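Undergrad: Please build the complete structure, drawing on both the sequences and the hints.
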Amino acid sequence: MHATHPLAWRTLVLATLAFAGCFSIWTLYAVMGLTVREQLALSATEYGLLLATPIFSGAILRIPLGMLADHYDARKLWIALMLSLIPALLLLPVIESFTSYLLIGLWLGISGASFALGVRYVSEWFASARQGFALGLFGVGNAGVAITFILVPLIVLTLGWNWVGPVYAGALLAMILLFWLFSPTTAALNTALPSRSLLLAELIRDVRIWRFSLYYYFVFGSFLALLLWLPQYYMQAYDMTETQAMAFTLFFVATSSMVRALGGWFADRYGARAVNWSVFWVCLVCLFFLSYPPTTLIIHGMDKDVQLEISMNVWLFTGLIFVIGVAQGFGRASVYKNIHDYYPRHMGSAGGFVAAMGALGGCTLPILFGLAQDALGIVTGCFMILYGVLAVCMITMFFANQAAQYQQRLQQAQAHNFLEDD
Numbered sequence: 005m006h007a008t009h010p011l012a013w014r015t016l017v018l019a020t021l022a023f024a025g026c027f028s029i030w031t032l033y034a035v036m037g038l039t040v041r042e043q044l045a046l047s048a049t050e051y052g053l054l055l056a057t058p059i060f061s062g063a064i065l066r067i068p069l070g071m072l073a074d075h076y077d078a079r080k081l082w083i084a085l086m087l088s089l090i091p092a093l094l095l096l097p098v099i100e101s102f103t104s105y106l107l108i109g110l111w112l113g114i115s116g117a118s119f120a121l122g123v124r125y126v127s128e129w130f131a132s133a134r135q136g137f138a139l140g141l142f143g144v145g146n147a148g149v150a151i152t153f154i155l156v157p158l159i160v161l162t163l164g165w166n167w168v169g170p171v172y173a174g175a176l177l178a179m180i181l182l183f184w185l186f187s188p189t190t191a192a193l194n195t196a197l198p199s200r201s202l203l204l205a206e207l208i209r210d211v212r213i214w215r216f217s218l219y220y221y222f223v224f225g226s227f228l229a230l231l232l233w234l235p236q237y238y239m240q241a242y243d244m245t246e247t248q249a250m251a252f253t254l255f256f257v258a259t260s261s262m263v264r265a266l267g268g269w270f271a272d273r274y275g276a277r278a279v280n281w282s283v284f285w286v287c288l289v290c291l292f293f294l295s296y297p298p299t300t301l302i303i304h305g306m307d308k309d310v311q312l313e314i315s316m317n318v319w320l321f322t323g324l325i326f327v328i329g330v331a332q333g334f335g336r337a338s339v340y341k342n343i344h345d346y347y348p349r350h351m352g353s354a355g356g357f358v359a360a361m362g363a364l365g366g367c368t369l370p371i372l373f374g375l376a377q378d379a380l381g382i383v384t385g386c387f388m389i390l391y392g393v394l395a396v397c398m399i400t401m402f403f404a405n406q407a408a409q410y411q412q413r414l415q416q417a418q419a420h421n422f423l424e425d426d
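Taking our numbering, the leading residue of the sequence shown gets 5, the next gets one more, and so forth.
By construction, these hints were calculated from the structure, which means they are not laboratory data.
These numbers come from a predicted model, not from an experiment.
Careful, some of the hints might be misleading.
[What the hints assert, rightly or not] So the derived label-pair ranges between C-beta atoms look like this:
#, residue 1, residue 2, range
1, Q406, L107, 45 to 51 angstroms
2, V98, I302, 28 to 34 angstroms
3, Q406, Q43, 51 to 57 angstroms
4, W281, A45, 42 to 48 angstroms
5, R209, R413, 25 to 31 angstroms
6, K80, S315, 51 to 57 angstroms
7, S315, A395, 20 to 26 angstroms
8, K80, L380, 20 to 26 angstroms
9, E246, F292, 39 to 45 angstroms
We put the beta carbon where it would ideally sit given N, CA and C, even for glycine.
TA: What follows is the structure in structure tokens.
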């Protein structure tokens with residue numbers, strides 16, 4: 005099917021809008037959590053758990069829904085998923101306990117599984133040479149969290165805290181109607197669904213799938229974790245108000261999301277592996293500086309002591325976070341270009357599994373951030389953890405690249421010997 009078919013672009017636009025709406029709901033606690041933390045007097049670990057609950061359910065459900073999307077109409081599954089979120093949003097005004105927020109968070113997390121359905125739905129309409137750009141543009145829907153950062157404070161200011169859920173429910177219903185009425189059906193496609201999806205056991209045994217999952221754990225999981233954690237980080241480290249912290253986090257989220265399409269174009273043009281490796285190096289340098297906590301050094305001189313203060317001001321910190329966000333945006337696109345190169349007919353099952361493993365970073369990392377902060381009492385502990393995760397990614401990719409180069413040389417030698425024998 006030709007990549008520039010009008011239905012293909014309509015599909016991409018509507019899918020991106022629907023994904024942005026779902027992503028906005030998935031990250032609702034990133035904004036609401038600050039108020040909930042204050043109301044319930046949560047510790048850093050409890051706050052990390054609150055942020056993690058919707059991310060956890062969304063991550064886990066990406067696997068079964070991705071497999072279903074390889075067998076059934078991803079568009080219809082997506083519409084059903086969005087409808088299932090409306091009751092949870094309407095219940096938000098009536099819950100008060102920490103346990104209730106955790107349970108509703110698990111329910112709202114269903115929205116995060118929309119990515120697996122959207123990847124399957126969009127990838128069917130574009131040729132292989134355009135998959136990086138198409139899936140990258142679809143991934144711009146990550147900017148849906150910007151809707152939450154802007155809309156929730158506006159609703160609270162104008163209507164009150166209890167109206168957040170109902171307003172979101174009404175907006176989601178409008179999005180469902182738009183998607184249902186105008187998005188092309190998969191029946192219009194010339195491409196057939198695969199005879200079967202990859203089984204979970206096959207995915208688990210596939211070493212390449214685990215490598216892609218590890219890479220996505222960093223480029224997407226840490227992106228999720230940071231957008232959830234940065235508001236309170238700015239408030240703790242730089243004494244910002246909630247509004248200021250949200251504005252700085254919004255800058256990180258918006259730029260990281262918008263460059264994803266550009267990252268897909270780079271992956272199409274220069275190769276997904278090269279883009280991934282470059283992304284890791286850029287992030288490694290930035291995280292090295294971000295991990296260093298504010299430090300006071302006292303140098304004992306001959307006549308007097310000299311005190312040195314080593315700390316990072318808010319503008320340098322924001323600049324480094326911006327660079328990491330852009331690199332992560334490129335990385336998210338290049339990983340999915342890589343997946344399509346190896347599993348073009350199984351973007352539901354293979355893509356869903358990798359998406360799930362990556363999203364698990366968004367629920368496990370905030371908990372680890374909270375544990376590190378409570379245990380060490382160091383505000384930069386979150387970046388130390390990310391530095392360790394990235395080191396594992398780079399070591400894994402290095403040995404994978406070495407193995408691939410060895411295999412390529414071996415095949416060339418065998419081909420050379422075969423020609424000599426002839």
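Undergrad: Which hints from the list above does the structure break, by number from lowest to highest?
TA: 2, 8, 9
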